[in-house]
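Mapping to full-length UniProt numbering: the sequence shown position 378 is 378, numbers consecutive.
In short, the hints are calculated from the structure, not lab data.
One should not assume that every hint holds.
Label pairs and their calculated CB-CB ranges [claimed, not checked]:
| hint | residue 1 | residue 2 | range |
| --- | --- | --- | --- |
| 1 | G199 | S160 | 21 to 31 Å |
| 2 | N185 | T114 | 50 to 60 Å |
| 3 | G199 | V41 | 29 to 39 Å |
| 4 | D187 | G319 | 40 to 50 Å |
| 5 | E362 | T24 | 20 to 30 Å |
| 6 | Q226 | T114 | 45 to 55 Å |
| 7 | E221 | E97 | 20 to 30 Å |
All residues carry an ideal CB built from backbone N, CA and C; glycine is no exception.
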Amino acid sequence: MAGASLLVPAAARAELVIDLRGGTFQPMPIAIADFAGEGGVLVSSVITNNLKRCGYFLPVDKGRFPEKNPPFDTAPQFQAWQAAGVQALVTGRVAREAGRIRAEFRLWDVGTGTQTDGQQYFTDPSNSRRVGHIISDAIFSKITGLGGFFDTRIVFVDESGTKENRRKRLAIMDQDGANVRYLTNGDVSVVTPRYSPVGQDVTFMSQRHGEQPRVQVLNIETGQRQIVGNFPDMTSSPRFAPNGQRIALSLQQGGNANLYAIDIASRSTTRLTSTAAIDTSPSYAPDGSKIVFESDRGGSQQLYVMPAGGGEGQRISFGQGRYSQPTWSPRGDLIAFTRQSPNGFAIGVMRPDGSGERILTEGFHNEAPNWAPNGQYLMFFRDPGGETGGKLYMVDITGRVEVPVPTPAYASDPTWSPLLSGPAR
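Based on the provided sequences and hints, a complete structural model is requested.
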């Protein structure tokens, strides 16, 4: 874990602002200079890649830099950078001290000729890439006013083999696709992993050939696993409550399925719905007061919201097609979903009361939206069909930004971790 201290007081109000609400939004031109010192280029390259992929910044090619190596301890030549069309400039350096590294950065507002942020981090050299993510979050938050999301990890289902004989393993990686490692060995098939909002636990559904699927919880740090509940019938669609202490899931009994909540520590179980329909895919509101879920109780798959303790569900989806896989934004303002229609599968968002529905992306087969911890981006998987397999993509809530997320093989069911370092601001 990297420690941080402020180099200079931040400006009372940064002049560097990206307004994401405007219809003529353009990415901000930003220059990220190579950080000086051993390992410095790695840190600055991570920052460059992050800011480019998020879609809100346009890193300037180094061939256009008016200063090849802008100084760290003195102010850059602001007029020259303005003439090059640069609005923000990032400089930095990395130094080794007693087996650790000290990484420093400064964020300059080229238009006003002022420094708007600057911090230093002391950490183990193995955390160099993480320092790049943490600095990226600081820059992103300072300029956009949004929470960061770069210092996070993604758990997903790594897929290999043919469609008829698919091997599915849980894997984890940094949000930019680096540092992939496997959490399960493929001896059982796994689907629908979901991160705890408050820690490094992941719940998922596993199935060994010839056996009923079971919901498990895996602690990523310790590797410890536990089966949640001891139901004789099929369980599916697990998702943590906001406090990480309960899990809502769907239990199939005969031709119908109902929702239950389980306290992980005591194993006490609460039934949330009691219908002759199929209720599944529960997702808690971030304040824990409500649950959104999908149900065919009205004749087709639609979205409903009910109190977290159970009760009457209120339908919120009324567009054309079938709605599924709802997930509540960490900010509480939106619910993401998958919508299936004759045109294919769309990923969209709506307000919790069902108003303001917007489709962010459409395709042959898009599924499983999952929120970044800042509520500004979604990750999902797209399967083009045939013998290929799914690929991960990231889209922002405006629908302007859509980028692929690199994985070593076919991938599905992504789930985003909380911010590992806490707020970077």
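Hint by hint, here is what the structure shows:
| no. | hint | result |
| --- | --- | --- |
| 1 | G199 to S160: 21 to 31 Å | holds, 29 Å |
| 2 | N185 to T114: 50 to 60 Å | holds, 53 Å |
| 3 | G199 to V41: 29 to 39 Å | holds, 33 Å |
| 4 | D187 to G319: 40 to 50 Å | holds, 41 Å |
| 5 | E362 to T24: 20 to 30 Å | holds, 24 Å |
| 6 | Q226 to T114: 45 to 55 Å | holds, 53 Å |
| 7 | E221 to E97: 20 to 30 Å | holds, 27 Å |
Hint compliance for this structure: no hint is broken.
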